[in-house]
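> In terms of our numbering, the numbers along the sequence shown are unbroken and rise by one, the last being 448.
Keep in mind that the hints were calculated from the coordinates and are not lab data. Cβ coordinates follow ideal geometry from the N, Cα and C atoms, glycine included. Careful, some of the hints might be misleading.
Claimed, not checked - Here are the simulated lysine-lysine pairs, DSS-like style, with alpha carbons at most 30 Å apart: (1) 379 with 397; (2) 379 with 266; (3) 299 with 397; (4) 397 with 344.
To be verified - Pair ranges (Cβ atoms, derived): (5) 236 with 138: 45 to 53 Å; (6) 59 with 150: 44 to 52 Å; (7) 240 with 324: 25 to 33 Å.
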Amino acid sequence: MGVTGPAGPVMDRDEVDRALARLGAEHEAIETSLLALQDHAGRRLLEGAGLTGVTEERWAAAEASITLLWTYFDAYTQTLRTARRIRARRRWSSHEDLVELTELLRGESVTVAGSAHAGAPALSAVPGRPSERFSLTALVDRMNELYASSLDVVVAADAVWSALPARIDLLAAELQRTRRLAHSVGVRPGEHPAGDDLERITRTLTRLREQVVSDPLAFWIPAEGSAAPGGGRPDTTVYDREARALEDVRREIDAVLAVRKDAEQRIVRLRDVLNRADRTLAEARTARGEVLAKIAATEVPVVSGPPTALQEQLATAAEYRRQAQWHRLSPLLESLEQKAEDELMRARESLTAVTAPLAIRAELRGRLDAYRAKVARHGLAEDPELVERYEKARRMLWSAPCDLRVAEQAVLRYQRAAAELLGPAPGAPGPGGGPGDRREAGA
Numbered sequence: 006m007g008v009t010g011p012a013g014p015v016m017d018r019d020e021v022d023r024a025l026a027r028l029g030a031e032h033e034a035i036e037t038s039l040l041a042l043q044d045h046a047g048r049r050l051l052e053g054a055g056l057t058g059v060t061e062e063r064w065a066a067a068e069a070s071i072t073l074l075w076t077y078f079d080a081y082t083q084t085l086r087t088a089r090r091i092r093a094r095r096r097w098s099s100h101e102d103l104v105e106l107t108e109l110l111r112g113e114s115v116t117v118a119g120s121a122h123a124g125a126p127a128l129s130a131v132p133g134r135p136s137e138r139f140s141l142t143a144l145v146d147r148m149n150e151l152y153a154s155s156l157d158v159v160v161a162a163d164a165v166w167s168a169l170p171a172r173i174d175l176l177a178a179e180l181q182r183t184r185r186l187a188h189s190v191g192v193r194p195g196e197h198p199a200g201d202d203l204e205r206i207t208r209t210l211t212r213l214r215e216q217v218v219s220d221p222l223a224f225w226i227p228a229e230g231s232a233a234p235g236g237g238r239p240d241t242t243v244y245d246r247e248a249r250a251l252e253d254v255r256r257e258i259d260a261v262l263a264v265r266k267d268a269e270q271r272i273v274r275l276r277d278v279l280n281r282a283d284r285t286l287a288e289a290r291t292a293r294g295e296v297l298a299k300i301a302a303t304e305v306p307v308v309s310g311p312p313t314a315l316q317e318q319l320a321t322a323a324e325y326r327r328q329a330q331w332h333r334l335s336p337l338l339e340s341l342e343q344k345a346e347d348e349l350m351r352a353r354e355s356l357t358a359v360t361a362p363l364a365i366r367a368e369l370r371g372r373l374d375a376y377r378a379k380v381a382r383h384g385l386a387e388d389p390e391l392v393e394r395y396e397k398a399r400r401m402l403w404s405a406p407c408d409l410r411v412a413e414q415a416v417l418r419y420q421r422a423a424a425e426l427l428g429p430a431p432g433a434p435g436p437g438g439g440p441g442d443r444r445e446a447g448a
């Protein structure tokens, strides 16, 4: 058929039938989608909610788009119904029928009043034009755009409402349980940092829930690169942060509960450690007096007094336990346990430092007696020189005050004299390594 019109070449009967079948299927699909959008739970919630912020703005635009969608769909339906009626006039459509059908199915045959889509962004009428004309294909494309943008708002809001309020409510319930437990162990606002944290978390969750309910789209993160309606995820940043903060508080409360459970045993252990440190320091003070009396020309370190400050803190800890102030007892016990161990270590180091001269004297006495026993085994104990040097060294080591430096030199002189008399053993190489050298006998 070579005749053409404003809509292009005139369609034949088969082309008309195929177009009507395709448009009928599209009409059914569009109607199904619109009814589903109309019945969507998110849409019903949006219609009844007191919205604010970005959600209020986007839902106002989406409502206008949905209204326009139905207007477009009604116009689409009417045009399709007209085309079907013309096609049904006769089995073999006339040329005039086919021209009219071609105009309806391919031309800009759908007229929509300009006021019908006022308020829809990017879809408003051209100024000065009372109405707008579309082809059925262009109208379907326009309806798809409106449907996608409207559905995106509905699905996103519904996803946020489905995800966040329930989670916030569960966290709030856990928060209340934690608050009651915290109160039972004395963790209260203004008295313990964890109590202040609980107050802050409570305020944040209350405010967060109000914001999520009234402005869900403010908590929606669209998926990058996705054009599908509702592509994205709820923004749980604030919720996750407060959940972690509550978990930290719970651990703090657990620590306080643990203190309540074993506070008595820990205080007993602390008292024992401090008593041991006190006894060690007392022993060091006694030893210092002995060293000053028995050892000459030696600097003896000063011994500190008993750990009275720690004893006072221990008494405070016991008072906290009696008053059930577990939140104060917990950090105090942790601090005291470390300080008490440090104090015991310092006491032991002080005792070691103070008694060092006595240990040196004891070591010199042992060396002197060991060499005397050695020379006695070789029958040299009565050697006049050895006897003289031994007695001199012995008088220095067993008299008070003892000059350790002089006594050590006396012991060394006795050792050297004994070594010279004992001489090297037969057959052993001497200092030069020759066969005639002998090593010390009995070594």
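> Which hints from the list above does the structure break, by number from lowest to highest?
2, 4, 5, 6 and 7
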